[in-house]
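**Q** Residue-level listing of the chains:
Number of protein chains: 2
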Amino acid sequence: MIGKSIPRVDAYEKVTGRAKFTDDMAPSNCLIAKVYHATIGNGIVKSIDTTEAEALPGVVKVVTFKDVPDHCYPTPGHPWSVELAHQDVADRNILTGRVRYYGDDIAAVVAEDEVIASRALKLIKVEYEEYPVEIHPRKSMCGSQHPIHLDKKDNVLARSNYFIGNVEQGLKDSHTVVKRSFKTPIVQHCHIENPISYAYMEKGRIVIVTSTQIPHIVRRVVGQALGIPWGKVRVIKPYIGGGFGNKQDVLYEPLNAFLTTLVGGRPVKLDISREETFCNTRTRHSIEYDLTAGVDAEGHLLAKEMFAVSNQGAYASHGHAIAANGLTAWRLQYACPNIKGEAYTVYTNTPVAGAMRAYGIPQAAFAIECFMDDIAKEIHMDPLEFRKKNLIQGYYEDAYLKPIAANTNGIFECLKKGAQHIHWEEKRKKYAEQTGDVRRGVGMSLFSYKTGVWPISLEIAGARLVLNQDGSMQLSIGATEIGQGADTVFSQMAAETLHMDVEDIHIQTVQDTDITPFDTGAYASRQSFVTGTAVKKCAELMRRKILDYAQTLLEGEERTLTLDHGWILADGQQVLSLEELAMESYYSLTNSSAITAEVSTQVKKNTLATGCCFVEVEVDLKLGKIKILDIINVHDSGKLLNPQLARMQVEGGMSMGMGYGLSEQLLLDEKTGRPLNGTLLDYKMMTTMDTPDLNVDFVELEDPMGPYGNKALGEPPAIPAAPAIRNAVLHATGVAFYENPLTPQRLIAGFKEAGLI
Amino acid sequence: MIGKSIPRVDAYEKVTGRAKFTDDMAPSNCLIAKVYHATIGNGIVKSIDTTEAEALPGVVKVVTFKDVPDHCYPTPGHPWSVELAHQDVADRNILTGRVRYYGDDIAAVVAEDEVIASRALKLIKVEYEEYPVEIHPRKSMCGSQHPIHLDKKDNVLARSNYFIGNVEQGLKDSHTVVKRSFKTPIVQHCHIENPISYAYMEKGRIVIVTSTQIPHIVRRVVGQALGIPWGKVRVIKPYIGGGFGNKQDVLYEPLNAFLTTLVGGRPVKLDISREETFCNTRTRHSIEYDLTAGVDAEGHLLAKEMFAVSNQGAYASHGHAIAANGLTAWRLQYACPNIKGEAYTVYTNTPVAGAMRAYGIPQAAFAIECFMDDIAKEIHMDPLEFRKKNLIQGYYEDAYLKPIAANTNGIFECLKKGAQHIHWEEKRKKYAEQTGDVRRGVGMSLFSYKTGVWPISLEIAGARLVLNQDGSMQLSIGATEIGQGADTVFSQMAAETLHMDVEDIHIQTVQDTDITPFDTGAYASRQSFVTGTAVKKCAELMRRKILDYAQTLLEGEERTLTLDHGWILADGQQVLSLEELAMESYYSLTNSSAITAEVSTQVKKNTLATGCCFVEVEVDLKLGKIKILDIINVHDSGKLLNPQLARMQVEGGMSMGMGYGLSEQLLLDEKTGRPLNGTLLDYKMMTTMDTPDLNVDFVELEDPMGPYGNKALGEPPAIPAAPAIRNAVLHATGVAFYENPLTPQRLIAGFKEAGLI
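Top line first, the protein sequences correspond to chains A and B. Read in numbering that gives the first Met the number 0, the first sequence has 754 at position 755, and its numbers run on one by one without any break. Read in numbering that gives the first Met the number 0, the second sequence has 301 at position 302, and its numbers run on one by one without any break.
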């Protein structure tokens with residue numbers, strides 16, 4: 000079953016609208032909660048008056064920052080650590096009187112319906128004492144009179160660095176030294192379903208049904224936020240309408256949980272708007288990079304240095320892990336004897352940045368891959384040639400983060416396929432000298448990407464299988480289907496190891512922390528690798544239990560028993576159907592015992608996926624418009640579990656990458672930090688009309704680390720398009736841009752400065 | 000924790016109305032189904048016209064007997080058997096054109112709402128060919144021109160018998176031979192919540208949420224009824240409002256499942272009325288008994304013979320098992336060298352009889368215990384004395400049904416307590432000679448009762464435990480809380496074996512056949528015995544896993560590790576909290592593995608619970624009224640798991656037993672078999688106004704077979720009140736009645752015949 004393009008197991012449910020999402024499950028008698036957001040960007044609440052709101056008929060409860068537990072908690076969807084040093088930064092209260100960004104959560108209303116809740120919000124009166132707002136991290140890290148968080152006087156959340164060899168000496172020894180600075184924008188995930196949850200109490204415990212990627216982590220964080228034992232919290236995750244990392248953070252679940260405790264455990268729904276999703280959930284970090292590199296006369300990298308400043312926004316969330324991940328990427332791709340990396344993550348008065356698909360690598364890759372083209376240009380070398388000369392060859396093991404390693408490395412094969420598709424050599428020459436207002440160019444970029452979080456953090460996953468009476472199988476996992484097709488590939492995995500038809504694997508799609516095995520959730524492109532390992536081990540255990548039971552049922556000498564599509568084979572001959580065996584296991588008067596298997600497994604390995612993007616663009620200099628004529632992503636993600644689903648993942652990632660390169664950016668008001676375009680009307684995502692035909696290819700090298708030869712594919716597709724487009728524009732026009740997205744305004748300004756128009 | 004009267008774990012939810020029952024969970028967009036019932040008592044449908052019903056706006060589907068799968072299926076909630084001979088009788092279709100009783104299911108309507116569905120039913124036109132109706136089994140077993148089921152020409156569903164010694168010789172050798180005939184009425188369970196379910200399709204499978212005692216059996220029977228693999232069916236059981244055995248049958252779930260497949264998998268709700276519950280679900284069998292016994296000059300039983308004819312109604316349901324259970328009871332209580340038993344179960348044109356609390360024993364005990372008083376009277380012996388003389392003493396092992404046995408036998412102690420309470424000797428004498436219209440008497444009866452169904456059928460149960468991060472525990476079982484307090488005592492059991500506080504055991508109350516461990520459900524007073532064994536084994540496995548993990552965490556020499564209320568003790572000293580251990584198991588970077596335990600266990604033992612009822616009555620001869628002045632049930636059910644819950648079980652059973660003795664009977668029209676009083680207005684249950692103070696006592700002998708020394712308590716309390724009341728009336732008036740309930744009509748007739756009025 001592995002490697003087959005079977006249809007998604009949830010396709011019919013989703014296409015017919017029958018799949019149940021959080022709002023479909025909410026009871027009709029739910030109370031409605033709404034959040035009162037600050038209308039300043041920095042300061043404190045001097046006074047708050049909720050009298051009128053409370054007096055409004057239909058208002059059940061008004062709660063302010065004064066009422067919430069007064070300890071802080073962390074929100075990122077990381078596995079917890081029993082070691083203090085590895086625990087996430089706890090800097091958030093459920094509600095706050097210290098406003099740190101425009102829209103911060105000050106109070107909340109619980110009412111009988113939406114209209115009353117909205118009206119009540121307008122009756123709350125707040126007086127503020129305002130502080131100056133700072134939205135730029137390089138300024139914020141100089142410190143301020145009122146630090147955003149008291150324990151960080153310089154507003155620096157964290158700083159990290161590393162040194163390999165001697166960069167200063169390497170630069171001195173270089174034939175050419177290149178320095179460039181890059182900046183990436185704030186973008187938002189724009190998943191279809193806004194974060195939504197409802198919570199109620201049952202037997203003295205809090206139940207939260209929520210659209211999340213990380214139910215078991217939500218349980219833990221709600222426990223931490225409310226200061227109650229984690230076992231008193233139950234989290235249920237239905238189908239979800241996308242997450243892309245935004246739902247790898249604990250968002251309003253602690254507030255929702257707290258609110259139900261205030262209304263005697265009645266169900267309370269907290270369904271935030273798209274505008275709140277833009278402003279009050281999480282964004283992708285804007286990061287500024289200063290890169291320096293030296294190359295010898297043949298174009299070999301001798302030294303390279305990265306300095307990064309990441310804009311965290313008002314709260315830590317995933318914090319420094321994103322900038323640090325970019326620092327790590329700086330050494331995973333290109334061989335170099337002398338490397339230096341340093342990164343700062345800085346609090347500012349902006350919406351909070353957190354996890355987003357590819358976790359800091361789209362930012363780093365934009366800087367690095369644009370930089371590679373700039374170096375190549377500087378030394379008059381073809382940028383593809385320059386990269387191939389410097390790429391790490393064959394097996395790689397990271398010196399800092401063992402056991403991150405790559406046993407298989409398909410990047411050279413990927414580059415070959417990409418170059419062939421785009422007719423690289425021909426077009427690089429053909430477009431070398433163009434005049435006129437409309438010019439064409441080809442560009443490319445590449446990346447490597449880790450599979451899971453080990454050894455930086457814990458990787459643990461669980462799975463449970465139950466043999467049904469008809470020989471079919473129930474599969475439960477704690478890992479989450481978030482639209483990526485996880486349920487389908489886990490079903491394929493179980494079918495593969497049990498030699499069954501995938502139709503006979505019934506996967507439990509709703510995760511429930513009371514019931515489904517422990518797993519930290521969907522992030523870090525980990526599930527098919529880490530949870531896949533648990534599924535495989537569980538299926539192997541189930542197979543052994545089935546064959547052991549078959550042995551007791553079959554008389555005579557011992558033969559080699561195997562499983563084959565609903566049959567037990569003895570020395571290759573069908574001797575007993577799996578259904579007969581299952582019926583005996585349930586109903587035998589002499590020897591009945593329902594057969595189940597469960598494993599919880601820690602995974603202590605990590606491997607690198609790679610890939611590249613090649614693109615051909617047409618640039619209209621005067622209109623400041625880029626038209627993508629052709630684009631291809633080529634990925635080495637090991638063995639493909641389901642080629643059709645893999646292609647879908649890549650296409651979705653390419654769309655996100657093109658948006659990052661061309662149009663997406665969340666603009667903030669300089670004075671308040673308020674989003675200026677935080678709606679789907681004003682925030683420009685790629686639509687189907689903007690999207691060219693998407694070409695996708697793969698290099699399938701089975702990685703011996705992956706449970707089925709597979710490695711990361713969920714996030715990588717979002718990485719390479721933006722720098723490839725920028726490099727293609729450079730090829731077409733000779734103008735290098737240092738900040739994405741390449742909007743018409745930015746292009747026109749650049750072309751004017753270059754004297755092209 | 001065992002033996003403590005902790006409050007029910009679901010008390011708060013139920014008292015506050017927050018516990019979710021099936022109807023609370025049904026989605027708001029549910030279609031509504033209603034059943035078209037036959038308006039004749041026997042015959043065939045000649046023609047059916049649904050045109051007008053189908054044309055009614057809002058009607059989504061009309062389905063008739065012509066549309067359903069044409070194979071038959073069984074409905075009783077028995078564990079399935081892989082042996083053909085032990086499988087239940089399959090004599091029912093989802094809908095039928097062969098009407099076998101008044102109200103039989105001919106067609107069904109699915110509509111947008113209740114009103115439309117009801118109106119559509121009235122538009123269906125049916126023409127019948129009518130056959131004569133027979134509601135009496137002794138007549139029906141003579142055969143009929145149109146047998147109720149074609150394969151049973153004489154309408155006898157089944158017959159069984161046994162012989163021990165030589166009854167004919169025994170009777171010849173007897174000093175006194177007594178013969179009597181008895182008859183018990185049809186009664187109905189009258190659980191608060193009528194049977195209700197809703198069904199929908201998900202990923203090509205059918206999901207049924209239903210108020211049932213037996214979710215895993217419903218899954219199987221729906222598979223059988225629809226002719227689909229059982230793994231394609233998922234059954235979810237929320238809280239239920241009582242069942243008493245009616246929901247130990249598969250009622251309308253197959254029809255509901257079938258209907259959703261006809262409307263493209265949209266959710267369809269089938270919520271039947273109280274009138275349908277009386278007529279179209281199940282009842283307690285009416286059984287007629289002819290009893291003969293011979294005693295020697297000292298009053299020892301020398302020979303006894305039971306002949307029983309049980310009225311099955313129109314379909315087999317649990318069928319002959321109920322009459323057979325009464326036959327078995329005939330030998331479990333009173334020692335006798337020569338015993339004979341014979342029973343017939345006969346189809347008639349009446350509502351279908353099935354399982355009801357105590358499964359045939361209230362009927363048999365009514366006959367046997369009234370008979371015991373009659374024999375005692377015949378030989379001028381005190382009836383308690385007569386019983387004590389003949390009761391089996393000490394250890395008992397059944398000759399026919401090994402391993403049914405009693406290691407402990409508290410009946411003599413029970414009798415002592417009961418007699419003391421009622422002042423037996425004093426009042427037997429005091430009331431011996433009375434005149435006047437108002438007379439008093441004391442009576443008693445006793446019983447023994449099996450614990451579970453082994454070895455007649457399979458006993459298997461499963462449990463799963465998960466250690467939470469805070470050291471608390473999730474407990475999942477497939478056994479069902481049906482109002483009896485199962486969730487509470489299972490929580491106590493786990494807490495006992497794990498040395499934990501019961502507050503730290505979080506039990507999963509909703510059973511879901513996709514997820515919760517396999518268990519056949521709530522019946523046969525089996526759960527605390529059979530499922531309790533699984534819970535105990537699972538808790539022992541969990542304890543071993545915890546202590547093994549503790550051993551790896553604790554350095555140094557091996558010490559004796561034990562669990563104690565959230566602590567690991569080493570040689571009795573606290574060395575590690577369970578919370579710390581749990582956190583390590585989830586989050587250790589070196590050695591993490593979430594700790595879970597699951598067992599599925601077959602139980603191959605059975606033990607007898609016993610008990611008795613003593614009652615004092617005042618009889619108003621002219622009014623034909625019985626007033627209960629004092630009543631006590633005394634039970635030997637082994638060690639009590641929760642004395643307060645045990646008392647509640649007994650009080651509920653006593654109420655049911657008094658109704659059986661005094662007022663409850665479902666009357667049928669002779670010509671059609673139609674229920675004459677099938678509503679809660681006309682069917683006379685005991686109300687709180689009718690109920691005297693209830694006295695309950697126990698004899699606690701720990702039974703070595705029970706997992707915690709416990710044995711059956713769920714059903715037995717319903718058994719002894721009715722014959723005790725009848726015997727008290729005999730004592731008060733000298734008039735023996737041979738049919739319950741003792742309604743005013745029946746009493747007046749009896750007293751007139753006896754010349755008392």
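Check before you lean on any hint, since a few could be wrong.
Given that identical chains are not distinguished, each listed pair holds provided it fits within a single copy or across any two copies.
With a Cα cut of at most 25 angstroms, we get these calculated BS3-like pairs of lysine-lysine [stated by the list, open to error]:
1) K138 with K376
2) K202 with K621
3) K19 with K124
4) K624 with K171
5) K202 with K13
6) K3 with K202
7) K535 with K202
8) K387 with K428
9) K638 with K604
I should point out that these hints are in silico values taken from the structure, not numbers from a laboratory.
**Q** So, for every hint listed, does it hold in this structure?
**A** Do the hints match the structure? See the list:
no. : hint           : result
1   : K138 with K376 : neither (32 angstroms within a copy, 106 angstroms between copies)
2   : K202 with K621 : neither (67 angstroms within a copy, 53 angstroms between copies)
3   : K19 with K124  : neither (38 angstroms within a copy, 39 angstroms between copies)
4   : K624 with K171 : neither (41 angstroms within a copy, 114 angstroms between copies)
5   : K202 with K13  : between (33 angstroms within a copy, 10 angstroms between copies)
6   : K3 with K202   : between (45 angstroms within a copy, 19 angstroms between copies)
7   : K535 with K202 : between (36 angstroms within a copy, 23 angstroms between copies)
8   : K387 with K428 : within (18 angstroms within a copy, 112 angstroms between copies)
9   : K638 with K604 : within (17 angstroms within a copy, 53 angstroms between copies)
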